[in-house]
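Participant: Sequence:
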Amino acid sequence: MQSSSQLFPVALISAEIRGDLSEDVYRLKPGNSPDASVELALTRLGRFGREGERGVPVVLLPGSFSNRRFWYSPKGVGLGPYLARAGFDVWIAEMRGHGLSPRNRNYSRNRVSDYVRFDLPAIADFIHEQNPQVAHWLGHSLGGITLAGALGGRYLDEARVASVSLFGSQISRIYWPLKLPPVEWGGRLLLGRFSVLSGSRLRRGPEDEPIGLALESLRWHGLFGRFGDAERDWWAGLREVRVPLLAVAAAGDRQDPAWACRKLLEQCGSEVREFLCLGREHGFSSDFDHVQMLVSKVAQTEVWPLVEHWLGHRSLRGTGVQSVVLERRADIPTEPSSG
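Anchor point for the sequence shown: position 336 equals 336 in our numbering, and the numbering is continuous, going up by one each time.
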């Protein structure tokens, strides 16, 4: 079968009509990581009968224990179809071993570092090859953390990024027991007995997560931990980020609280930084939680139109919501450094 890409082997594994939408599913085999067995599923949603009209690309990344169905239900409902019907070229990525992406040989050792260093750059390159317009990126929870890591680690080419939206994403919540080395070591020993964390058993979602992600999180939150990999400090690198950023938190989110989501945004050096909290105090009909912020009937009417407006204007001004526009960081130079 002929590859759909000049970059690396890509197979179009399905092409379906879903009502008024077209659905193309690609499987990428980039071969850019130490585990050569990695394959990545990428779903493109377009308007049926208008496949040749490519709008601005929007790339959606689901969170932990999740897959493409977070954005796109079998009945054609979700933020993905909503944006496709609005004229955007929608791409839904599934990281290695999730959803339609088969489990790679070293699945249990997968880490966010692998998503950041290898998977996102390959996905970005293929989407740019298919549609060279500058793309918007949107991530929920772990998907947003992955985007933040890719930006802070300079693994995503900012020249190809129109904006980044982070929903319920943070890295600053402190788990004090993990600051005690014996607790962290004990946690590593306990988790090391498993190969995966079951989303169904933990009632967190339909997907499993490799134990490598949990061990990596322990390192981030340990006594001398940092948000990064062995080569780069992603947290420090966020100071150099220049792309427009939107951070959205939910007032009822107990997992990723609003103050921590805002702290991630404040760490970034972008000139355009906007923060929105979904709750009654800020003019919304209810205090959204971690999932309802994007997947609920009320999100369809109160949140999705705001996302569409942000993608079109890189601002929430004029929408009537009480968002916070952050001033530029005082410690960031006006022009990017030559380094």
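These are calculated hints, taken from the structure and not from any lab test. Careful, some of the hints might be misleading.
Said to hold, decoys possible - So the derived label-pair ranges between C-beta atoms look like this:
#1 D289 x V324: 14 to 22 Å
#2 I13 x Q133: 36 to 44 Å
#3 V325 x H128: 23 to 31 Å
#4 G192 x P74: 34 to 42 Å
#5 G87 x N32: 42 to 50 Å
#6 H128 x A236: 23 to 31 Å
#7 L215 x T319: 35 to 43 Å
#8 P9 x R280: 26 to 34 Å
#9 R280 x G31: 47 to 55 Å
#10 I13 x H128: 17 to 25 Å
#11 G225 x S14: 35 to 43 Å
#12 E266 x R317: 17 to 25 Å
#13 S14 x V56: 21 to 29 Å
C-beta: ideal position from N, C-alpha, C; glycine also.
Participant: Which constraints among the numbered hints does this structure fail? Numbers only, ascending.
Facilitator: 2, 5, 8
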